[in-house]
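Asker: Read off the chains here:
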Amino acid sequence: MRRLRLWIVRLLLRDELAKIEREIDEEFRFHLDMKTDALVAGGMDPDEARARAVRSFGDSERFREAATRCLAEIHSKEQRVSRLGWLGQDLRDGLRQLTRRPGFTALAVGTLALGLSTSTAVFAYVNAYSRPFPGADAQGLQQVYLSSEENPYGALSYPDFEDLTSLAGGLYGVAGVGQTLFAASVRHDDLTEVVFGQGVTGSFFPVLRVAMSLGRGLSPADDRPGSEPAVVLSHAYWVRRYRSDPEVLGRTILLNNQPYAIVGVAGPEFLGSSAAFRPQVWLPFEQYMRVYWARSDTRVNRDAGAVLPILRIEEEGTPAQVRDALATLAGGLDREAPLAGDRTRTFRLEPATWISPATREAEASTTHIMLMAAACLLLLACANVANLVLSAGARRQREMALRSAIGASRWRLVRQLLAESLLLSTLAGFLALLAAGPVGARLSSYFARPSVWGDNVPREIVVDPRVMIFALAAAVLTGIVTGVVPALRASGRNHASTLSSGGTWASSGRSGSSARIPGTRDLLVSTQIALTVVLLFVAGLVLRTLDAAQRVDAGFDVEHTLASYVSTSSMGVPASERHRFFEELIRRFQGLSWVEGATVAEQAPLSGHPVQELRGENGGDPVVTTIARVWPGYFGVMGMEILRGRAVEPTDTADAHPVVVVNESLARRLSADGDAVGRTLWWPGDEDQPDRGFDVVGVVRNARQTSFLDEPEPVAYFSLPQHYSAPGNAFLVKVAGDPAAAVDRMEQELRAVDSRIAIVNILPYTQVVRGFLYTQRMNAELFGVIAVLGLILATAGVFGVVALAVARRRREIGIRVAVGADRGFVTRLVLGTVSGPLAVGLLFGLGGAFVATRLVRNLLWGVAPTDPVALVAGGAVLLGAVGLAVAVPLHRALEVDPVASLRAE
Amino acid sequence: MPTERGDLLRGTLEMLILRSLEDGPMHGYGITERLQRVSDVLTVDEGSLYPALYRMQKRGWLKSRWGRSENNRKARFYSLTAAGRKQLEAAASSWARFSEAVGRAMEA
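If you're matching them up, the sequences are chains V and W in order.
Here the first sequence stands for residues 1 to 905, numbered as in the working numbering.
Here the second sequence stands for residues 906 to 1013, numbered as in the working numbering.
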């Protein structure tokens, strides 16, 4: 065994062994010489002394054999050690190389960091979809939805939820959350404000195991009929309104003039069970149902979605068991309490996530394209850095050749170059992690979009361990992708010829003949151009979408109108006096110099409205209609044109005949020619009440009523004085100057009416519209930035290739100019270096763009995926940039002085 | 199969080499001279020193490097490593223990 190993070692270390043996011989010779000299000094004859020395040395052949074996073993041991430590050694070497070239290192790391930080931020964005609730023990929480084809993630009816709770049988704990948020006015000593709250069952805080800052969560005892009204505050609200006062427990808060005892403050991390909104107060479900449910029968109505259940599966249970139990429950309920219209129930169990699965699925197509675009940019960055490494490699050929000559294996060289690119990419990965936070915050800020009901919640896009792992894995992969091609190329060179030729490495297409063999660089340029074409095309489409969306005519005066929603709920105005209050409010504002008009509606345009099925008089199909109740004069203030008949007039009071004005969409549903004036619109009654008929007195031009981007739906405008008025209404003011400048003035004026007035929000309609376009704006920015970065990288890549070619062929250009070549020839020569890869890249880019048209459809609005403007504009931008990248080196080539270039050789 | 005597000789030789290098680096011939002054282990074959030197290098007790001898010739110099120094101390103390045991036995 030992002999065999020695033999192998000898075989592997032939050169080293020869050296070892030479050294041993030299050492032995030295010994013998010294001994001989000593004996001669003692008076001995030199020849005899020599013979004596050799004799007393002994069997030198045996000693040499033993010594060689010993040294060979030492050597092979060192080799083993170095093999174990190769990574460290390669990394140390790599680090030395990189610090020696700080410019190259900074450029490469920066380029990779661009690609990696975009990818990491987009991954963090995607990762947010699967994050559980913060601030609660979210492990093992599941959510149940009533799933149907039109809505896979619907809420359960309250009676169904009660059955789900009572049939849990120890398999799971159930918490219920009100499907909708409610707004309530809160009267403090010095001001009145509006808070948003959520109704939760008594089991909510125990089942979610919410960490509390103060006091306790709501309990099942709080959620019984007749219990003392109790409320839990959010941490943010407690800090903002109560300045973190610990004495707040037991105090009373007036919600819509009703007293609630504050029993606890939630922990700072807990922001509610849905990422869509952050409740400031939580009420027991019993109170919530009694006070805030518009329909009195919701408690018993099995067809009205009301509650979102959250389950905690007990330790013995599994999701599969719960799924079975849910299926059994659904079957039983379908038999004993069937839904209207023969619909059957499907209860769907999903892991509880903060962002609802419905949102995740709605945004999935956008997310996929974001990921793909980020991957494209990362690939572009990789190609650029690979190109950089190749260029740097050309300069390092002597180093490589030397290393190879002193016995470094090809694998050793590959390893070293790989180690260098891994170092580059890991460094870039850390930078990317640093950048991902701010970039994620930028993306999340788009979700904090303004609306009539206040600013929405920014999305929580955070760098968590999963994002970190992604960034690191992406960095390693990037390092390998970036390093492997140049490494294999560099190590595969014929180093002997490199050393003997004085060190100019052949570049692709360097040869004097015009025939070009496509090389790695050309491939990289083609790839970059292709990717950039696709990125520019997608960015063009998304920008065109934003442009198209911004051009939408809302159908009312967006530029000069302020939206607000004000409530009398803390003022104790009786229902019978509300009309008078709002009429007085309008009169007061219309008397102000800066106000051009003021009006009231039940809901502000571009916010949620109730929907009702109404019928025309001929007994045709019911029309799903958006219900607006507006004050007389509304259409004038809002700048909405009456097309036929008349508007809602001050004479349309409670005593007068009930009237309605319909929009064009509804008019067309009511009569074929769109002239619905004189017809009757029927509001369905119930057991107690017959159907109510409304005279259609006018047709108004279509306007966007609930959503800015959807085509106008049928809308019926009733006269608000002829209907019940809620404590609060939308208050719309048209101003003479800039609406944004009038916000504060409007708030002061409203508070001057009564300090207890509750104001939900005041904002210009331009802001509301902006809020509706948040996805379009986010996409435009994200894809725009990615495309611009991609363009810069591709341009830099083309520039690098052309500049290198010009530098290499300086001498050739000089000679050709000297023998009479004109500028046209030189131009063709330079362009020839990139025209091939450019053409191939463009061709593949167009193919990619064609594929992309299928994918991006969901991102677009008002623009066809095959939009020629986007394609042509993208192509023009790319050609312009490439032209610039070629022009600079070309100029340099044309400036070549034949004499100087030849002398330089 | 090395004989008992061989083992003993080898152990003594190694300890003597270590001790002779205690004062500083020496080349092989220098070590030979020094050993011949204090012991008779090398009277048979001077060359047998070299396998011992390489063996000890393999164990990490010694290190070597090429340098210039006193008559300005290229020569390999050996010196103690930290491990070699430790080995020397251990050998010396076990020698001392052995001597002590012998001393006690004689007193008894």
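In short, the hints are calculated from the structure, not lab data.
Each hint should be verified, as a subset may be incorrect.
In silico DSSO-like links for lysine-lysine, alpha-carbon gap of 30 angstroms or less [unchecked claim]: (1) V/19 - W/963; (2) W/979 - V/19; (3) W/963 - W/991; (4) W/963 - W/979; (5) W/979 - W/968; (6) W/968 - V/19; (7) W/991 - W/968.
Far from chain V by the CB rule (all over 12 angstroms, computed), these chain W residues [what the hints assert, rightly or not]: (8) 941; (9) 951; (10) 961; (11) 969; (12) 990; (13) 996.
Cβ atoms here follow ideal geometry from the backbone N, Cα and C, with glycine treated the same way.
Asker: All the hints need checking, so say for each whether the structure fits it.
Answerer: Here is what the structure says about each hint:
no. : hint          : result
1   : V/19 - W/963  : 17 angstroms, holds
2   : W/979 - V/19  : 16 angstroms, holds
3   : W/963 - W/991 : 16 angstroms, holds
4   : W/963 - W/979 : 23 angstroms, holds
5   : W/979 - W/968 : 17 angstroms, holds
6   : W/968 - V/19  : 18 angstroms, holds
7   : W/991 - W/968 : 14 angstroms, holds
8   : 941           : 10 angstroms, violated
9   : 951           : 5 angstroms, violated
10  : 961           : 9 angstroms, violated
11  : 969           : 9 angstroms, violated
12  : 990           : 19 angstroms, holds
13  : 996           : 21 angstroms, holds
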